[in-house]
Each structure stands twice: as structure tokens, then as C-alpha cells.
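Quick note on this note's numbering: the sequence shown kicks off at 126 and runs consecutively.
Certain hints may be false.
[As the list claims (entries may be wrong)] The calculated label-pair distances, taken between Cβ atoms and stated as ranges, are:
hint: 1; residue 1: 316; residue 2: 422; range: 47 to 55 Å
hint: 2; residue 1: 729; residue 2: 226; range: 39 to 47 Å
hint: 3; residue 1: 368; residue 2: 248; range: 29 to 37 Å
hint: 4; residue 1: 517; residue 2: 775; range: 42 to 50 Å
hint: 5; residue 1: 178; residue 2: 231; range: 25 to 33 Å
hint: 6; residue 1: 178; residue 2: 342; range: 41 to 49 Å
hint: 7; residue 1: 626; residue 2: 774; range: 51 to 59 Å
hint: 8; residue 1: 248; residue 2: 662; range: 46 to 54 Å
[Said to hold, decoys possible] Straight-line distance between alpha carbons at most 30 Å, and here's what the computed DSSO-like set of lysine-lysine pairs gives:
hint: 9; residue 1: 1034; residue 2: 1001
hint: 10; residue 1: 986; residue 2: 1001
hint: 11; residue 1: 1034; residue 2: 986
hint: 12; residue 1: 821; residue 2: 1034
hint: 13; residue 1: 737; residue 2: 772
hint: 14; residue 1: 737; residue 2: 821
hint: 15; residue 1: 772; residue 2: 901
By construction, these hints were calculated from the structure, which means they are not laboratory data. Ideal Cβ positions, reconstructed from N, Cα and C, are used throughout, including at glycine.
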Amino acid sequence: MTDTTTALEPLVARLAETAPGLRVETGPGATGIYAYDASNYRVPPRAVVFPRSADDVVAVLQACRQAAVPVTARGAGTSMAGNAVGPGVVLDFSRYMNRILDIDVQARTARVEAGVVLDALHGATALHGLTFGPDPSSHSRCTLGGMIGNDACGNRSVRHGRTSSHIEALEIVTADGVRAVADRTGLHAADPSDADAVQRVARLEADVRRLIDTNLGPIRTELGRIPRQVSGYQLHHLLPEHGFDMARALVGTEGTCAVVTAATVRLVATAQASTLLTLGYDDVVDAAEDVPEILRWSPTAVEGMDEAIVATMRARRGPDSVTGLPEGQAWLYVELDGDDQAAVDARAAELLDVLKARGRMTGGRVVHSPQERRSLWRVREDGAGLAARLVDGGESWPGWEDAAVAPQNLAAYLRDFRNLLATHDLTGVLYGHFGAGCVHVRIDFDLATDTGRTAARRFLSEAATLVVLHGGTLSGEHGDGRARSELLEVMYSHHMIRTFAAFKDAFDPEGLLNPQIIVAPAALDADLALHTPELLPVDTLFSFPHDEDGFAGAVRRCVGVGRCRSDAGGVMCPSYRATGEENASTRGRARLLQEMVRGETVQDGWRSSEVKDALDLCLSCKACSSDCPVGVDMATYKAEFLHQHYKGRLRPRSHYSLGWLPLTSALAGYAARPLNALLRGPVGTLLARLGGVTTKRRIPAFAPRHALRKALRTAKTDEPSRALLFVDSFTRAFRPQVAGAASRVLADAGIPCTTQDGLCCGLTWVSTGQLTLARKIMARTVARLDNGDDRPIVVAEPSCAAALKRDVPELLDTDAARRVADRVHTLTGALTDLAEPGWTPPELPDNVVLQTHCHEYATFKGRHPRDLLNRLGVGKIDEAEGCCGLAGNFGFEEQHYDTSMAVADLALKPRLDALDTDAPAVVVADGFSCATQIDHLAADRGIRALHLAELLDPAADRPGETS
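Whole structure, please, built from the sequences with the hints as guidance.
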């Protein structure tokens, strides 16, 4: 193959000529991000291209062939084997080629472009009672093109098998730029009137037919032996007895033979009824022993996992994040379905009795609650990320994460595999599709040192020999990629390896499509991301206490699983959901920060403009610190970067106007009325522009200094104080009535309090990266609060509570800061944990629209307003699950206004628009930012957000009305 260092200028120029408007990116801000997928590998591309049509793909392949530049097709970039990274041009299909072209309900098929996300297809087909059977755990972001590339399976593969079983036809572009259709009978030119294309496709099909005809014996004996045999090429689909099914044969080729632009897929009917059993065991081997019996009951899913994943989930998201599991140290999920719920439930109970009689279970139960089922499935679906960074801080890696055996051999294989791990002094976190015999495991390899890499290579070689001895396959759904292609010679004969090479050569004689994958593979320990010659010296103000290597270890948390690319579920990542851009996702930013630390693609360190641009649209919502399975905290990374980036330099104007808001708002209180009047006129517009603040928002009115004293005067009680109410800068400056209401609510709940005014958590200086000042302010606050008083500290503003809880100890890194943080509660948390037993608030409304502050959602796990309102008897809570979009200073900054509103459009605005203004539900938003955004969106309709304290205020004349 020609050297891939060929200059790109002629290629880019040719693309500009043949595909006008095609988006091509060659800078470090793109190539650094696309150097990674979810594997152990790092392969920086020369360019990233975002096609909008099959014609664009044709133009790219023709130009790349002329320039001898390799091409790698990519969907969501969630490959764990390294098959979505490449050294030439990366084609990202997810950005634009993501249309569902047709759904034929009668034929039960759908035609989709390669970049369609699986959940989008699920949503569209569910309207017709249909679905696409294979459902990988990454269903919220994986694309159909990626699933086709890997021959993906998923949690319900016991019922639905692999993607290849559900493909009717593939629309492809060959390496030389010819459009063709691969279907169940062969290969055809996409345009029958194009004589040249017809001839070239016919010649290609004839070459493949000759190859199959001369290798019938090895193909019949070596391929298709077990259900999950994904490794290599699936040439048995081309056997005469299978009708020369070219569509299925190209599934699982990992982009090495052709580029898939669209597919016609087969749909299945959705089940009318289903139920879930959770079964506990002492270990995964005992669980695997029961799998053959469970399979006799025709389940849809049999999933397994060990205790490390559950412990990490509970540590990251709170003890209530995993409920419904019986006692045990390993678990199976078993899903049964049918046409009648009562019959399904009866069958589940009968299966449970049978398994109890077998004597291996430590416990088992049928999970009836839909909420518990969703919680349990999320644990399993986040397995790869949760296993990557465990509760003890240890790191683990893929590489041998996808081996499979026949289900009846699973227990014996797991027993031997665990012995192999022990022999090599390695620890593996096990989970996977036990019903299909497929085991996912992340292992604590040392991939950063020569000694560790040598040990990992030795282990992987022995693991390959072991799984083959058990009649298994190196890969069961993730593909071979860079991780396992070198090991194919352990699994297959030399004859079959040559046959694979001949098959690729027929399609791609110049070896330009995803090179070094399956055929002529790279060494499995080449291009490892952790093989880093030098790292940028990193001396940070944040302590990063949970990461052994400080900032470098913190950004390394991202392993690429891509949950931040989901469009629904949780809050992460609002900027990605609003823009659809990889560099606006948590993963994209983390990868670019990794490149910055590495110092190769991104060479300017803390001064990097590419990193600054990627972080620019981060709302600092902190949702990733909770929603990301590995606990990436991009808000903290951004604050540290801004501190370092602007050290000794002039900052953006908004860093001064908004970052110093606690100080300026305190001064504004001395002349609030005239100042508010001034700000509502032309002077306010001028000041906003000078301060880098958008003029499309009304500046909130400042409260006079006496307003807080007045609000608290009516909240006094003679009861001895049990708590300290911390009056934050936002509450004092903009809504002092909330402090009064909070004080009354706490007293009513049996938590009388005294107030602490005049202190600041430092949040606005943190979010604008002014960390030196933030530390001074925080140190003063901690000195005042850590005075021997151990009373709980209740903070009405969730963002300030979160800053005291997390930012203060991580920035000051003192015992005093940690003692203060341990005492901090939101109002929701205080009422949940500290209220007198039997406390009931005044009458509450039946319907509430709720906007939970992102910082509260992320930092105070298991203490969310929705749960409290449910417990207090609110009948219907419509929660806007997602960021409000204002996010402190972000939505006030001039350049971020449009993104702020786009984020609001995702969840909050639709709920406000749906309110009946004649009889509206009460809108609750504890965060000042959230309430301000709601005022901006709906004040003209008379809709105002209440703080939880105002809703529960015993002095209110009616629910939600403060006297």
C-alpha cells in the first residue's frame, strides 16, 4: 500500500471540485478527536469527512484511491476493538447520513442510511408495533452502519441473534467508487443503466463466486459453527446452499471490503407482554451453570454481570440507583415475553421455582415495577463504562472483551478463563450475554509500560488458545479490529486466513479500506493510546483526588463508550444534543484534552485554541459527572483549562461581568431600585454589550439589601437551631423571599435553623476559570463555617450547594473543606434526611412541572426533588429531564444565547408550551438559572417558577403562593 503520509492538499482540492459543499476537516480539533474510538487504540486520521449522500461517498473513495489514502467508515465511534479508527480519511456517517428513508409495515422492513441511530429506528417503528431485533447496550447512540460493520447482537440476541440475520440488502460503494447493492442473491450495480458499473460489479461477483467454489470444504467446516462466531469473514453465507447471500456475507466485514451507505433491514413484532427475573449467585460460574436450563424456557434475554459493576453504579449514582437485585455476588437477568401478561408472569414464577430447586441461586425474584426494570437494565447497559473505572479507582481495559463459546460450554470456559487471569495476576470484571455464550470482560492490563504490554500480549495469546479449545470464537459481536485480527491465525487454518485475504482482495485490491483489520493485521499492541512517550507537565489547582495521575488521569477516564451522544435519558450532554457535533460532546472534549496532555496532535498545551473552542459550548452542567459511566467531570476540567489558558492574559469580558457577579450584586443592593430602572433602558443595553452579555435577555432585578432581613424576620422561631441556612449570593441578590420560605419550611419540618449570610461558595469564579480568586473566597467561607459547629448546612440554591459539596474540597484539598462539604445539604436533601418523622407539608397541587437543577442532579445522588414531591403526595410530576439551557453565566453570554435556547427546546420549553394558562400546573425550579430561563420563556404567559421552599411554605395563602 502506498505511504499514507501523501500530502492531502490534492485530495482536498479534488473533493472541493467533485463534491462541492462537502465538509472536510483536517485540523487538530477534528483529527485529535477522531483518533480514538472505545478501544485501546489511538490512530490519528489525516482528515475527517462528513458525507451527506452516497454521491459524496463515491467522490471521497474515488479521490482517496487516486491519492492512495486509506478510508475508514465510522458510525458512533463506539468500537471496542479499534475498527473505527484509521490513518487516512475517516468518514463520519452519524452527522448527516442519518435518515430513515422508508418503513414498509406490510413487508416488515425499513430502509435506513448508515448513520441512523438504533433508538431513532426503534422510535419510528414502535408506532407500528415493530422493532429491529438486535439491541446492543449502546442502542442510544450506536448506528445501523456500525452494527452492520461489527455484526452486532445485543441483550436480546438469545431471541433475535445477530444483525446479519436481519439484513435484506446493503447499498454499498466499492473501493473504486462504484455504487452497488448486495442482497440475498448476489451483487448488482445500483444503476442498471450504467454499463461500466454493471460490468465492474459483475466481474467482482464472478471473482467472489470462483473463490467460494474453490474453497467449499474449509468454509463449511470452519465457519458458522456457533451462533456468535463473528471473527473473520462470514463466507458461509455465500455457499450454494445459502443462495450466495452477499448481503449477509458483507455484514461483519468491519468496513474492509466496501463502504455501506444504506441498508434495508427486517423488522420484528414487539412483544405484547414481558417480565424480568433477577437471579443472584455466588459467582459467575454458578450463574453460567444455570444458563442451559434457562434457555429451555425460550427467554428473550439472559444477561450476566458481577458485583464490581453494581458496586460502582451505587457509588457513582447513589445506593438507590440499583434496586431489585437479590443477594449475591453475580447476577443473571432473564427476560421472558409472550402475548398475555398473566401467562408470562406464571411462566416466570415456574422458572424461578425450577432454578431454586437446582440449588445454585442465592436468591431470585420477578421484577414487576417498570421503574425497577429500567434501573436494572441501565446497570447492565452501562457495564462497559462502569467496569472501566471502578469504585476503588482501578482502571480496566478491553482487548479480550468479546470472546464467545456455545452456551452449554460457558461455565467450563469461565472456570478456565478465571484460572488464566489468576495465573497472570490479572483481574477481570465480567458481564455479557450469557444466554448466547458471549462474555464481555475488562481487564486491568498495564498498557502504559513495555513490561505490561509484553505481559498483555502473552495473556491474549493464551486466552485465544483457551477459547478455541472450548470451541469458541475470539469475537462474538464487537469484531476483530486491531485488538484480535492478529490472533485469527490461532482460530483458523492458514488456508482460511488466505481465503479471507483473497475475499478482501477481490473487493479492495489496493488495500485502502480500513487497512490492517482482519487481513494483513497490525500487531495487537501497536498504536496503543497509553503508549505515550511524554506527557505535558500538569500542575493544577484542582486536586483531582479520585485520579491517581491528577488531571491527566482525570481526562483519561473517558474510554469512548459514548453515552454522552445519547439524545434521551439522563441529562448529559446538552451541548451535543443541541448541536449533534462530536466536539460538543463530553467524549469529544475529553479526547481532545487527552491529546493536549499527550502533546502531539495538539501541540500548544494549555494555550490550545482547539481545546478552548471544544470547551466553549460546554454548559458546565456537571451532568457528565453522574451520567457518564466512568464519571468524567467536564465542568471541572473546563474550569481548570480556563484558569491555565488565561493565566496572565486578558479574559473575555463576560468573565468579569458575570464571574464577579456575587461582588457586583452585593454592591447593587445598596441602590437596587434606581439601578434596576437604569438597566431596563438603553444604559442597560449598553452595559450588557460592554460586558459581553446578550441583549436578548432581561437582566434580573436586584433586590435591595433590606429585602433579605425582611424575608427572614417572618421566619424566626424560638426553637433551638438544628441546622444552618446558608444564604448564597443568588438568593440574597435576586430572590431573598426564598430564604424566608426555606427557613419557615425547615422549621415546619422540625429543622429550625439560623442563617449565615455574607459568604460565597465561589461558583461563578470557578465556572469562568478564575480559580486563584475562587480559592481565596472558598478559604474564607470554610474558615467561617468550620468553627466546631457540626450542624447540617442547608443551601437553597442547588448550584451553590454543589460547589460547597464538591468544588470546595477538590479545590482547597484541606480537611476543613472536607468537613464543611460533609455537612452540606440541598433543601430537598434536608427534608429527605433530617425532617421529623410524620412531617406533612401544607396542601400541595396535583400537578407539577419540575425542572431539576443539573448540579443537584449530578452531585446529590438519590436526593432529587421528584422523589421528595412523590413522597409528599404530588400526583403528577412532569419533569423536564435535561438542562434548562441557561446554566449560570453560559446562557447570558452573547455568543452562547442561541445554543442556550436550543438546549431549552429539548425538554423545558415543550413542557412550558404545553401548559394550560387558564389552569396551569405549578412550575417548580430550585435553581436561579432554571427559574430565570423559565421566566424568559414563559413570563409573557403569566408562568413563573417557584422554588421548592415557596411551594412548601406553611405561610403561603395557598399552594405556591407566598404571603
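Status of the hints after comparison with the structure:
1. For the hinted restraint 47 to 55 Å between residue 316 and residue 422, the CB-CB distance of approximately 50 Å keeps it satisfied.
2. At roughly 43 Å, the beta-carbon separation of residue 729 and residue 226 lies within the given 39 to 47 Å, and the hint holds.
3. Checked against the hint of 29 to 37 Å, the pair residue 368 and residue 248 passes, with Cβ atoms roughly 33 Å apart.
4. Between residue 517 and residue 775, the C-beta spacing of about 44 Å keeps the proposed range 42 to 50 Å intact.
5. The given range of 25 to 33 Å is respected by residue 178 and residue 231, whose C-beta atoms sit roughly 28 Å from each other.
6. A hinted range of 41 to 49 Å for the beta carbons of residue 178 and residue 342 is consistent with their spacing of about 43 Å.
7. The hinted range of 51 to 59 Å is satisfied by residue 626 and residue 774, whose Cβ atoms lie roughly 55 Å apart.
8. Separated by about 48 Å at the C-beta atoms, residue 248 and residue 662 satisfy the suggested range of 46 to 54 Å.
9. Taking the CA atoms of residue 1034 and residue 1001, the gap is near 18 Å; set against the 30 Å cutoff, the hint holds.
10. Restraint check: the Cα-Cα separation between residue 986 and residue 1001 comes to about 22 Å, which is no more than 30 Å; the hinted pair holds.
11. Taking the CA atoms of residue 1034 and residue 986, the gap is about 25 Å. The hint holds against a cut of 30 Å.
12. A C-alpha spacing of about 17 Å is found between residue 821 and residue 1034, which places the hinted pair at or below 30 Å, so the restraint holds.
13. Only pairs whose Cα atoms come within 30 Å are accepted, and residue 737 paired with residue 772 is accepted, the gap being roughly 14 Å.
14. Taking the CA atoms of residue 737 and residue 821, the gap is about 25 Å. The hint holds against a cut of 30 Å.
15. The suggested pairing of residue 772 with residue 901 holds, with an alpha-carbon distance near 16 Å, which does not exceed 30 Å.
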